[in-house]
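S.K.: Now for the letters of each chain:
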Amino acid sequence: NAGVTQTPKFRILKIGQSMTLQCTQDMNHNYMYWYRQDPGMGLKLIYYSVGAGITDKGEVPNGYNVSRSTTEDFPLRLELAAPSQTSVYFCASKGSGETQYFGPGTRLLVL
Amino acid sequence: KQEVTQIPAALSVPEGENLVLNCSFTDSAIYNLQWFRQDPGKGLTSLLLIQSSQREQTSGRLNASLDKSSGRSTLYIAASQPGDSATYLCAPQTGANNLFFGTGTRLTVIP
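One line per chain: the protein sequences are S and D, in this order. Residue 18 in the working numbering sits at position 18 of the first sequence; the count goes up by one each step and never skips. Residue 106 in the working numbering sits at position 106 of the second sequence; the count goes up by one each step and never skips.
Simulated from the structure, these hints should not be mistaken for laboratory data. Bear in mind the structure is a predicted one, so any value in this text is a computation, not a measurement. Keep in mind that a hint or two might mislead.
[What the hints assert, rightly or not] Cross-link-like lysine to aspartate or glutamate pairs, in silico, DMTMM-like; alpha carbons within 25 Å at most:
id, chain 1, residue 1, chain 2, residue 2
1, S, Lys14, S, Asp26
2, D, Lys1, S, Glu98
3, S, Lys44, S, Asp73
4, D, Lys1, S, Glu59
5, S, Lys44, D, Asp67
6, S, Lys94, D, Glu56
7, D, Lys42, S, Asp73
8, D, Lys68, D, Glu15
9, S, Lys94, D, Asp27
10, S, Lys9, D, Asp39
11, S, Lys57, S, Asp73
12, D, Lys42, D, Glu15
13, S, Lys9, S, Glu72
14, S, Lys94, S, Asp56
15, D, Lys42, S, Asp26
16, S, Lys44, D, Asp39
17, S, Lys94, S, Asp38
18, S, Lys44, D, Asp27
19, S, Lys94, D, Glu15
20, S, Lys44, S, Asp56
21, D, Lys68, S, Glu98
22, D, Lys42, S, Glu98
23, D, Lys1, S, Asp38
24, S, Lys14, S, Glu79
25, S, Lys94, D, Asp39
Hey, can you work out the whole structure from these sequences and the hints?
M.R.: Dropping the structure here:
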């Protein structure tokens, strides 16, 4: 199993541009999550999904959108990139247990 | 809102030393508490999960304790090794899908 994979690993965006961060898991987990980690700060939950077709907001959802059309994929969309969205983004998934499994992260720089 | 504090922010110890990392949280109504390890430029790896009804959990040289009523958890690492060098994150879970992360303790084990 590859676990949780994220693409791209690193991206530079200009202010106002849009992009989609991809997340895929091959563990057949129902739960999937998007977090952001700012320098020197703890991870904060952006959005989560409890299954295909179901998504909900986390602590910091503004400026982001998500969709969950399949069990495996949970893409995160930034419509109008702002410097405040410069961060490292982590995707995670969880099965029937309580442990979350994290991807390697996407480093995003908005200039 | 759950606030998580980890002390110390950074710790440097010689190889072989036993050490304790501290975590405190403000909302004691938690489902569980997880400890994660984060290596530079990588995702998070789950180390231990303590259910709210448990007092401690052990895995190899790691032992985590939980005092839910006082909002405290400790991670004890025995006989530290250079490979233990990483950032350790504490994350209490409140609600079915809400993990709240501390800013972490950056550990360096000197050979």
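S.K.: Would you mind marking each hint as holding or not holding in the structure?
M.R.: How the hints compare with the structure:
no. : hint                  : in the structure
1   : Lys14(S) <-> Asp26(S) : violated, 32 Å
2   : Lys1(D) <-> Glu98(S)  : holds, 21 Å
3   : Lys44(S) <-> Asp73(S) : holds, 20 Å
4   : Lys1(D) <-> Glu59(S)  : holds, 10 Å
5   : Lys44(S) <-> Asp67(D) : holds, 24 Å
6   : Lys94(S) <-> Glu56(D) : holds, 22 Å
7   : Lys42(D) <-> Asp73(S) : holds, 20 Å
8   : Lys68(D) <-> Glu15(D) : violated, 31 Å
9   : Lys94(S) <-> Asp27(D) : holds, 23 Å
10  : Lys9(S) <-> Asp39(D)  : holds, 15 Å
11  : Lys57(S) <-> Asp73(S) : holds, 17 Å
12  : Lys42(D) <-> Glu15(D) : holds, 23 Å
13  : Lys9(S) <-> Glu72(S)  : holds, 19 Å
14  : Lys94(S) <-> Asp56(S) : holds, 15 Å
15  : Lys42(D) <-> Asp26(S) : holds, 19 Å
16  : Lys44(S) <-> Asp39(D) : holds, 18 Å
17  : Lys94(S) <-> Asp38(S) : holds, 23 Å
18  : Lys44(S) <-> Asp27(D) : holds, 16 Å
19  : Lys94(S) <-> Glu15(D) : violated, 34 Å
20  : Lys44(S) <-> Asp56(S) : holds, 14 Å
21  : Lys68(D) <-> Glu98(S) : holds, 18 Å
22  : Lys42(D) <-> Glu98(S) : holds, 21 Å
23  : Lys1(D) <-> Asp38(S)  : holds, 19 Å
24  : Lys14(S) <-> Glu79(S) : holds, 12 Å
25  : Lys94(S) <-> Asp39(D) : holds, 21 Å
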